[in-house]
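Chains as they are written, first to last, in this note's numbering: chain A, 1 to 118; chain B, 119 to 230.
The hints are simulated quantities; they were obtained by calculation from the structure and are not laboratory data. Among the hints, a few may not be true.
Cross-link-like lysine-lysine pairs, in silico, DSS-like; alpha carbons within 25 Å at most [claimed, not checked]:
#1 B:160 / A:13
#2 A:1 / B:189
#3 B:176 / B:155
Okay, the calculated bits of chain A under chain B, using three or more residues with CB under 8 Å as the criterion [unchecked claim]:
#4 29 to 42
#5 53 to 63
Label-pair restraints from in silico Cβ distances [claimed, not checked]:
#6 B:120 / A:62: 17 to 25 Å
#7 A:69 / B:214: 35 to 43 Å
#8 A:27 / B:145: 29 to 37 Å
#9 A:2 / B:120: 30 to 38 Å
#10 B:175 / A:96: 31 to 39 Å
#11 B:225 / A:52: 36 to 44 Å
#12 B:138 / A:7: 34 to 42 Å
#13 A:103 / B:138: 24 to 32 Å
#14 B:213 / A:28: 19 to 27 Å
#15 A:8 / B:146: 39 to 47 Å
Where is the CB? At the ideal position from N, CA and C, for every residue including glycine.
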Amino acid sequence: KAGVTQTPRYLIKTRGQQVTLSCSPISGHRSVSWYQQTPGQGLQFLFEYFSETQRNKGNFPGRFSGRQFSNSRSEMNVSTLELGDSALYLCASSAVGAGTSGAQETQYFGPGTRLLVL
Amino acid sequence: GENVEQHPSTLSVQEGDSAVIKCTYSDSASNYFPWYKQELGKRPQLIIDIRSNVGEKKDQRIAVTLNKTAKHFSLHITETQPEDSAVYFCAAGSYNTDKLIFGTGTRLQVFP
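Based on the provided sequences and hints, a complete structural model is requested.
Here is the structure:
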């Protein structure tokens, strides 16, 4: 099976612009979560999606949004980019999602999208 | 709030020695504790996980222990090899959510 894929892998934007990142989960996986990784803050949870519904959201401003499509692919959007948004954005997928099964399952990470805001 | 503390931040060992990384979590509802290894420029990869109904789990040279009362869990790597060099993250999760709270990471260097 192909692993989790993310596009684009690298992105350079300027302050004030917006960006959309894409994540394709492992085939058959229905749950997708997003994380921001920075040297200063580490790995921080952004959101989780299952069956096109956002189940949980981390402590990020409203400029960060996301969605999931019927094929389980997910996108996240960041509007009005700030310098501090420069980070590695990782998505992870799991088969069923703890929101349905109760217990957490293994989450498999994608390679990430490295965003640089100038 | 939810928090996971991880120590040490860096760890240097000689090849063949053991390495221990410790984490403490704050949310008593946490019941799932995965460990991820992230090599430079690569994605985090799960190396072992433990659930709250188990006190210890072992997979070859890697073991994890959990003390629910103290809210501590630890990663033990025995007979370390240079390819074990990476950043290791602990995390804590709960029921009904895929959200993971990650520790700040430990950079492990294994010298030949």
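Exercise for the section: List, from low to high, the hint numbers that the structure doesn't satisfy. Expected result: 2, 7 and 10
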